[in-house]
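Got chain A sorted already, so can you dock chain B onto it with the hints?
Top to bottom, those sequences are chains A and B. Sequential numbering of the first sequence, starting at 1, is according to our numbering. Sequential numbering of the second sequence, starting at 1, is according to our numbering.
In case anyone wonders, no lab produced these hints; they're calculated from the structure. The reader is advised that the hints may include incorrect statements.
Stated by the list, open to error - Heads up, incomplete: computed chain A residues facing chain B, CB under 8 Å, no partners named: (1) Glu38; (2) Arg93; (3) Leu262.
C-beta atoms are modelled at their ideal positions from N, C-alpha and C, and glycine is treated no differently.
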Amino acid sequence: MKKYIGKRILISLFTLLIIILVLFLLLQLMPGSPFNDEKLSPEQIARMQEKYGLDQPVIIQFLTYVKNLCVGDFGVSYVISKDTPISVLLKTRVPVSFGIGLEAVTFGAIVGLILGILAALKHNSWWDTLCTVISVIGVSLPSYVFALGLAYFVGFKAQWLPLLYDADEFIASSIMPMLALSMFTVATVARFTRTSLLEVLDSDYMLLAESKGITGRTLITRHALRNALIPIVTVLAPLIVDLMIGSLVIEKIFSIPGIGSLMTSAIQSNDYNVTISLAFIYSVMYIVLMLTVDILYGIIDPRIRLTKKAD
Amino acid sequence: MKIRKWMALALASAMCGGLLAGCSSGSSETETSAGEAQTEAAGAESEAAGEAQGEASAEGSGDNVLRYHVTTLVDSMDPALSNDYTSCGVLSQCMMGLNTKDASGAPAYGVAESKEVSEDGLTLTWKIREDAVWANGDPVTAHDFVYAWRRVADPATASDYQFFIQTACIANAEAVMSGEAPVEELGVVAEDDKTLVVTLSSPCAIFDYLMTSTCFLPLNQSFVESCGEEFATSPETILCNGPFKVSGYEPSTMTVDLVKNDAFFGADDVTLDGVQFQIILDSQTAALSFENGDLDVVTLNGNLVEQYRDDPRYSTRSDGYNWYLCPNLNKEGLNNLNIRMALAKSYDKEAITTRVLKDGSSPMDFFVPVGLATNAHGEDFRDAAGDGYESWTYDVAAAQELWQAGLDELGVDSLSYTLMCEDTDSCQAVAQFLQSEWQTNLPGLTIELQVLPKKARLEYMQNGEYDLGLTRWGPDYADPMTDLDMWVTGSSTNYSQYSNPEYDEIIDSAKYGDLALDQDARWEALVNCEKMLADECVLFPIYGQSAAVMTNPQVQGIQYYSVGMPYLFLNVTKN
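This is chain B alone, in the form it adopts within the complex:
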C-alpha cells in the first residue's frame, strides 16, 4: 500500500512537470496545436536518438524477435476473406502457397517442388513437396488447395479476391463464381495427395505470380470444418504451414504474435524466434517506441519524415500505390480533350512530392509503375513504354494554350468543377495544392473541394456522380494488365467512364485471346494501351506512393515487395 502511495506521489509530480512544460510552450505561442506538440517532441527526440539507440541495442540483444509496426488492424486471418495490407503481411509470414517470392520479387517454388505445363498451356500439374506439413503435423496435400480455391470461388464465401480465380483463367471460373455451376466444377483437382492438376480456360501469363497471393493459400479442410464459425479467430483456430505460426491473435487486436514454426520444411534457415506485429495508429507514438527499442521497424509519415530524413536508419520504398485523378468524361467540358490535357499538364508533380508529401513518393508522368513488370526478355515495362507522355508532362505554357483552345471549342470563357478527395491529411493537402495550381495556371477555372470518407468517395465515383476525383490504385499482380484492364468499357474501376472499342478488344485479346499466346505481341499491345490512355487523357497521373521506414540496424534481410505480398521475413536476421 505504501509503495502504491509513493508511486502515485511520484507520478503526480512527474505529471506536474509535464504540465508545466506544456504550459511554458503554450504561453510562448498562444495556441499549441497537436502538430506543433508533435514536432517539438520529435525534435527533442532526435537529439536523444543516439543515446536511446544505445539502450535499444543492449535491450534488443536479449531476444530474437522482430518487432514490426503496422498502421491498420488485421481485417481477417482467413485467407479467403482478408483484404487489407496488414492481413496480407501477417498471413504471408505464416502461410505458404504453391509459390513464394525470391529476393527480387519473382515467383519461386513455395510448397510446390515442380510444375509441368501441357503443350497447349491449358493443363498445369503441380507436385507438392513431401516434407510440406501443417504445424499440427498433417501433410500439406493437393486436396488442401482444391478445398481452399473452391472456397474462394464459392459466391457464398463472398471473398473480396474472388475475381483472382477468374484472373488466373481457371476453367469454369465464371460459372462457379456466379453460382451457376457447383464449386466442384472449378478446374482444379487433386490427382493424388501430392499432385494438383489445374485446368485453364486460356493460357495465363501470370499464373505463377498469382500463386504467391494470399487467396491461393491452401487450407486444411478437416481443421477448418472442426473450427466452424470460430475459424481464424484465435491461435488455436489458425493452422499455419509457413515459416512462422500464430501464437497471439484475437479479432481487432493491436498485437499479433508469431513464433517460429518448427514443422516448416525450411525451418533450419529461419533464424528469428518470432515476429511481433504491433498496430499503432499514431505515428508519433510509433517513432517514440522505435527510439525506446520497443520496435525494430516503424513506418513514418508527415512531419516525422522530415525529422528523420538524414538518419542512417531511414529508408524509403515504393509501396506500389499510384495516385491519380479521374475526370468524369460525361461532364460538360471534361469531355473535351484539350481541356483534359490542359488540366493534366498544369500541376507541378515534383512540388507535390517534394513540398507537399515529403515522404519519398515519386512524381509520375505514366500509369504503369517502374519495376512492376518485366517481359520474357527481362525488359521493364517502363523501358519499353518510355518514362512519360507528352500529354501528362507538366508544362504550364502548353497547358494554357490547350486550355484556351478548349474553351474556344466549347464556346465558354470559364468552367467550374468539384474535386472530390478523401478525408486523410495527405489527400486533402494534395487536393488543396491541385486546386491552387489549377486556379492559378488556368484562367477562368474554379475548383471546389469536396472532402469525403473513402467509402463515400468510392460510391460517388463508381456511380459517376462527380467531376474530378483523386483516387489510387494498388497493383494486384506483377503484370501491366493489373493497371490497364480497369479502363475497359463498363469496368467498375473505370471511374472516368472511358469507352473505346479498340482498347477493349486489345485487352480482351491479351487476356483470353490470340495475344495471350504470343508474349511479345501482347507486351507491345499493352505498351500501346497505356499510350492510348495518355493520348486521350483518360486519367491524370500524379505520384507513386512511398513508405518511409526506420529500421533497427541490427535487423537485416527484410524482403519488401510493391505488389501483392508486401514483405517476407523468412530470411531476416537480428543480431
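Isolated chain A (complex conformation):
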C-alpha cells in the first residue's frame, strides 16, 4: 500500500509540472498581455513586462515560477490587485469558497443519501416518486435558477437571510449559496443511491444474509449500504472539487468573495500568476481527492484492498 501511494504521489507531482507548463504555454499564446490598456504607452508596457520578468523566454519564466513555487511563493497579481502576493489573495478567498463548498457537499451528500435510501427501501411509494422528481429537477435546472429563486423569495421578499455575503455572518449568509450549489449534488447522490441500493437489495448475497437471520438495521447498513456506497463515492469525489472551487454564477449572484469569480477575472484580464495559481490549486485538489478516493475504496470494499496488496 505504501509503495502504491508513493508511486501515485510521484506521478501526481509530475502531472502538476506538466499542467503548469501547459498553462504557461497556453497563456503565452493568448493575445494581449496583462498590461494592454488604453492609457499605457508601449514603453510603459515594456517597462512593466521587465519589472515582472515577462520579457524573459517562456522556459526561463517557467523554471523561475516552479523554483518559487517550491518555497510556496505564487508570485504577485499584475492586474486584479496590483503587486499583491497571490498567497494574500488566496488566504482571504480560498476559505470562503472551500467553506461554502464543503457545506454544500455535506448537505448534498446527506440529503441525497437519505432521499436515495428512502426511495430504494420504499420502492414505488410516494417517497420514491419524490426522490425521482427532485433528481430530475436538480440535475436539469442550473444552479443559478435556484440561486435567483432563493435570492428573490428568501433573501428579498421574506428577508430571512442576508442577500449579500457578509463575512461577519458566514453561517447565515452561506445558507442560500449552499442550498443553490447543493441541489445538483442532492439530485445526483439520491439517484445513484437509489439505483445502486436497489441493485444490491436484489442481489443473491442479500438473500443469503437475510436467510441467515440478519434483519433490520444491520442488514441495511452492514450489507446493503456498504456495497451500494462505492458508485456514490465515485460520483461524489469530482463533485466535491467542483463545489469547493466555487461557482462563478453563484458567487456573482450573492456577491461572494470566492475563488470562482477570481479565476474568471484573472483569465479575462490576463493576470497570469493568478490564473496559474488557481489552476494549480484545482489540480492539487483533484489529484489529492482521487488518491483519497482510491484509498477509500479499499476501506469500503475489502476486495479492492486485497487486490492492491497482491500488487
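Same frame as chain A, but now just chain B:
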C-alpha cells in the same frame, strides 16, 4: 441543535416553494433563460418597491453610513498604482491632494491654502494648510508631495499614470521617467515643511486640474517605508488625510469600509459617519439589495434601466466615456475618404442609444464631450466647436452617394471588413446593430464581427491588426487636449494610424510651444483640430456613455464628476 433542524426544515420548504415557482414559469415557456428570470424578478420587485422603500427608511434612519454600490474590484489602494474607476472613487474619499473639486467640478484648494505663479508661468509655489494632518496626527508636508510624485515618476514603480507627470509639464519629467536622470532631478522641491515649489518645463494650462488626480496625492514617506511591501493592503497600512479613513479593506475584497476621519481639517462639515463600498457584479442582486435597504446608491444596467426608468429615485449622469469606431487607415478601402465618410454617416446613433443601450447614453456627432472643458471666458468647448460635423451626421442618402463614389474611385463593387469588439453584452449589441445598419444601407458591404476580450482587442488594435474597431476613451483631465493629443502620429492610442504633420504641429505647440502661452489662440487651435479629425473621418463617434443610478431619497449631496475623480462624498447628508 433542535433549532438548527427546524431552520433546515423551514429552509427546505422555502426552497421547495422557490423550486415550484421556478417550475411553473419554466413550463409555460419551454426554456427559462437567465435574462427572462431576471426580468420577471425585477417586474415583481417594482410592484413591491413602495413597501420595501418604507422598510428601508425605517432601517436606514438608525445609521449614518452611505452604502454605495460599485461594479468592479479595487485594483490597488496605492495612489501610484491604482488605475481603475473604483480605486479612484475610494481613494478620492480618503485622501486629498493640493486641490480637490467644487460642486461644479472646477479645481478648488484641497490641502493647499494658496498658490503663487511666477511671471513666466514656470514656477509654482504652493502653501500647504497648517491644519492639514494625516490620520495618525503627523502634519501633511511638502515633503510628502515630493516623495509621492517622485515615486510616480520613478520607472521602477511602473505607475499607469506616470505620463501625468509629463502632462503636468514638470521639469525633467521625461528624463526621470525614462530612468536617464535620478528622481531627485524632478522639478519638485520642498522649500520648507509647508511650502512646495514646482518647476515646469513649459506653462501648463491644466496644472490646477491635474492636482485633483489620485497620482498627485501626497504620501507619508516614513509610513510607507515602515509598511514595506505590505503598504496599502490593509487599514493598518493605509494612511489617510481626507474626509474619511479606511477601516475595512483587504486586497480583492468585496466591501471597503471607511469611517469619518476626525483628524481631517474640515471634519466639522462632514456629516456622514462612514461610507461602505459594496462591490456587486450582478446588477440584479444590486437592485434587490437597494430595494432591501442594504444599499443607498446602485448602478443599473441593461433590462433594469427600463424597469426603473420612471421611478423618482432613478437618474442618469454622464460618466465621461466616449464610444467610437476606429477605421484602420492602412487598410485597402478604408484609406479612401469617401468610404470612411459613408461608413460614418450610415448608422443611426439615436437608435443605438434609445433602442439598443437604453441607459441614458447620448448620441454624439463630435468627439470632445459636452461639459468636458471651458475656456478662460467660461465658454464650453462644444459651444465653440458646434454640436456636430457634417461628416459624422447620420444621413443614409448622402452616405450611399459617398459610398458609390468611393467604390468607383477604388474600382471595385464590394468591400468586406471585420468589426472588432469587446465581449461585453453592450459592446456586442452595439456591434451587431452597426453590422446590420452598414450591410443594409451600403450595398456591397460585408461586415464580419470579431468578439474578443478587452486586452486582446487592445493588443490587436495597438498593433494595427484590424479593419474596424469599436473602442472607448475616458478623459483624464478637463481639457480638450485629453481627447485630441491621442491622434498625433505614433501615439499609442492612435489606433487609426492617422498621420498629419499639420495636426501634430498644432498639438505640440498647444502643449509645449507658443500656443500654450496664448490661451485664446490655443482654444481656437484645438477647435480646429477636432474639425480636422471630422473632415478626414479619422474616427466615427457613436455615443457618450451614461450611468443609470438609483439613489435613496434620504441621501443628498453626492457630487458626481465625469472626469478624473468620479464622485465626492464630502458634503453628503443622510437623514
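Under 8 Å, Cβ to Cβ, is where Arg93 of chain A needs to be relative to chain B, so tell me if that hint holds or is violated. Arg93 of chain A check passes; min Cβ-Cβ to chain B is 7 Å, inside 8 Å.
Hint check: is the beta carbon of Glu38 of chain A less than 8 Å from a beta carbon of chain B? OK, holds: Glu38 of chain A within 8 Å of chain B, min 6 Å.
Answer holds if the nearest beta-carbon of chain B is closer than 8 Å to that of Leu262 of chain A; otherwise answer violated. 7 Å, holds
Every hint from the earlier list agrees with this structure, and none is contradicted.
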